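Chemist: Going down the list, the sequences are from chains R and V.
So in the numbering used here the end of the first sequence lands on 274, straight run, no missing numbers.
So in the numbering used here the end of the second sequence lands on 145, straight run, no missing numbers.
Check each hint, because a few of them may be wrong.
To be verified - The calculated DMTMM-like cross-link candidates involving lysine to aspartate or glutamate, where the alpha carbons are at most 25 angstroms apart (straight line), are:
| hint | chain 1 | residue 1 | chain 2 | residue 2 |
| --- | --- | --- | --- | --- |
| 1 | R | Lys269 | R | Asp165 |
| 2 | R | Lys207 | V | Asp4 |
| 3 | R | Lys201 | R | Glu238 |
| 4 | R | Lys240 | R | Asp221 |
| 5 | R | Lys201 | V | Asp43 |
| 6 | R | Lys204 | R | Glu137 |
| 7 | R | Lys67 | V | Asp4 |
| 8 | R | Lys204 | V | Asp4 |
| 9 | R | Lys269 | R | Glu64 |
| 10 | V | Lys80 | R | Glu228 |
Simulated from the structure, these hints should not be mistaken for lab results.
The model shown is predicted, which means the values in this text are computed figures rather than measured ones.
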Amino acid sequence: MRTVRPFQKAKASASAGAFPFGNGALRVFCRNRNEKGEESLVKPLQVALSELRKEGECRLGRRERQKGVWVVAGVAVAAAGLLIGVSLLSVGGRRDVATMADTERGAERNVWGDAAAPVKLVEYGDYTCVHCAEAWETIEPELEPLIMEGKVQFTFEHFWLGSQDGIMAAVAAQCAADQDKFWAFHSKLFNNQTGGFNAEKLQKFAKELDLDMDAYNSCFDSVNHADEILAATKSAMEEKGIRGTPTFFVNGEAVPVVQSFSEVLDAVKKELGQ
Amino acid sequence: MRLDRTLVAILLLSLAGLAVSGYLTWVYTSNTVAMCFGSDGCDAVQHSPYARLLGIPIPTLGAAGYLVLTGLSVAALRLKQRQEMLTLGLFGVALVGVLFSGYLTYLELFVIRAICTWCVVSAVIMLITFLLTVHAYRQTGREVE
Numbered sequence: 001m002r003t004v005r006p007f008q009k010a011k012a013s014a015s016a017g018a019f020p021f022g023n024g025a026l027r028v029f030c031r032n033r034n035e036k037g038e039e040s041l042v043k044p045l046q047v048a049l050s051e052l053r054k055e056g057e058c059r060l061g062r063r064e065r066q067k068g069v070w071v072v073a074g075v076a077v078a079a080a081g082l083l084i085g086v087s088l089l090s091v092g093g094r095r096d097v098a099t100m101a102d103t104e105r106g107a108e109r110n111v112w113g114d115a116a117a118p119v120k121l122v123e124y125g126d127y128t129c130v131h132c133a134e135a136w137e138t139i140e141p142e143l144e145p146l147i148m149e150g151k152v153q154f155t156f157e158h159f160w161l162g163s164q165d166g167i168m169a170a171v172a173a174q175c176a177a178d179q180d181k182f183w184a185f186h187s188k189l190f191n192n193q194t195g196g197f198n199a200e201k202l203q204k205f206a207k208e209l210d211l212d213m214d215a216y217n218s219c220f221d222s223v224n225h226a227d228e229i230l231a232a233t234k235s236a237m238e239e240k241g242i243r244g245t246p247t248f249f250v251n252g253e254a255v256p257v258v259q260s261f262s263e264v265l266d267a268v269k270k271e272l273g274q
Numbered sequence: 001m002r003l004d005r006t007l008v009a010i011l012l013l014s015l016a017g018l019a020v021s022g023y024l025t026w027v028y029t030s031n032t033v034a035m036c037f038g039s040d041g042c043d044a045v046q047h048s049p050y051a052r053l054l055g056i057p058i059p060t061l062g063a064a065g066y067l068v069l070t071g072l073s074v075a076a077l078r079l080k081q082r083q084e085m086l087t088l089g090l091f092g093v094a095l096v097g098v099l100f101s102g103y104l105t106y107l108e109l110f111v112i113r114a115i116c117t118w119c120v121v122s123a124v125i126m127l128i129t130f131l132l133t134v135h136a137y138r139q140t141g142r143e144v145e
């Protein structure tokens with residue numbers, strides 16, 4: 001507050017008593033200038049202010065401050081818009097597939113992809129099996145375009161490991177299949193496996209996928225699909241010798257998974273000659 | 001003095017945001033499951049296709065944003081001469097953060113239809129930080145050293 005002189009000089013021209021002297025004076029002065037604008041201030045005050053500004057007392061003028069805010073806000077909005085745009089564009093296709101009906105994605109119940117595809121991939125799995133979820137997470141992103149291009153046909157066979165929530169989840173998936181949403185439901189089950197499944201949680205998924213809830217509930221309560229799943233598990237054990245999940249077959253050959261499920265993708269690509 | 005207090009509050013919030021987004025970055029990259037506190041949406045949000053931007057996990061972007069906010073607020077506290085510009089910078093970065101957080105919260109509510117507790121915590125931290133930067137910038141206009 002050593003440079004209040006210009007202000008004191010200017011003070012005489014301002015309406016008397018509007019600005020007290022000293023430190024407080026400058027404070028009031030700057031506040032008036034920044035909040036109420038300076039249009040009403042007489043010229044000498046503006047001169048005084050510009051001198052003050054030169055000396056670094058009141059760093060930016062009101063206009064500059066306002067302009068600064070607009071420029072920064074504009075840049076910020078543009079940057080946020082860019083981030084959001086990239087997010088929406090990069091997800092665009094994927095999001096649709098996640099909730100897409102089976103017929104839209106070229107699937108019929110638990111078989112996804114063209115029957116004429118050169119590579120047939122079959123998985124035996126259970127929705128409560130942690131490694132099955134891990135496998136889905138690993139292979140699905142790369143598998144999906146291959147399926148959509150007609151190069152791979154992917155079949156998911158239920159192999160019930162014996163838990164109550166495992167059979168409930170599999171039945172719910174079959175009920176979703178009745179409504180053309182097997183794969184969307186399948187994906188939801190594996191992506192939300194943590195904490196296990198119960199009737200309410202499965203019902204919530206059905207609602208989220210816009211299933212007809214009356215049809216879903218009566219399907220879930222009937223035992224038809226449970227019988228199917230038990231029969232499928234039995235035949236997988238007896239005919240294919242399956243003992244655990246997940247087990248993958250590429251064109252009829254079992255794929256040994258040693259370290260990571262990307263080995264399944266490798267086997268698929270090898271069959272495709274890639 | 002009052003401006004300094006606002007800046008310290010911004011600094012503390014940025015550090016809290018950094019902790020949250022750092023934790024979630026670890027969860028995302030190590031395939032662990034986040035502690036979700038009564039909401040079962042963390043898993044769904046983490047596995048949604050929106051969880052990454054060009055391969056970068058969203059929490060990593062958040063951590064970067066909070067890191068910039070932390071740096072700017074420390075700088076604003078120490079470099080009195082540049083306080084006004086630095087506060088304006090804080091405002092800009094926080095505005096990007098609050099807009100992007102808003103978009104992410106919209107996705108959680110209406111697209112993914114699952115709520116991830118940590119993401120909401122981060123969104124709230126970002127919102128308060130943004131309001132504080134607005135307040136701080138107004139203070140820079142009032143305070144004359």
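Chemist: Please go over all the hints and tell whether each is borne out by the structure.
Modeler: Hint check:
The suggested pairing of Lys269/R with Asp165/R is violated, with an alpha-carbon distance near 34 angstroms, which exceeds 25 angstroms. For a cut-off of 25 angstroms, the pair hint linking Lys207/R to Asp4/V is broken: about 50 angstroms separates their Cα positions. Between the alpha carbons of Lys201/R and Glu238/R the distance comes to roughly 33 angstroms, so the proposed pair goes past 25 angstroms and is violated. Note on Lys240/R and Asp221/R: the hinted pairing is violated, with a Cα-Cα distance of about 30 angstroms set against a maximum of 25 angstroms.
At roughly 14 angstroms between alpha-carbon atoms, Lys201/R and Asp43/V fall within 25 angstroms of each other, so this suggested pair holds. Our distance criterion of 25 angstroms between C-alpha atoms is met by Lys204/R and Glu137/R, whose separation comes to about 21 angstroms. For the proposed pair Lys67/R and Asp4/V, the alpha carbon gap of about 24 angstroms is at most 25 angstroms, so the pair holds. Restraint check for Lys204/R and Asp4/V: the C-alpha separation of about 49 angstroms exceeds 25 angstroms, so the hint is violated.
At most 25 angstroms may separate the alpha-carbon atoms for a hinted pair to count; Lys269/R and Glu64/R exceed this at roughly 61 angstroms. With a C-alpha separation of about 74 angstroms, the suggested pair Lys80/V and Glu228/R falls outside the 25 angstroms cut-off, and the hint is violated.
Checked against the numbered hints above, the structure violates hints 1, 2, 3, 4, 8, 9, 10; every other hint is satisfied.
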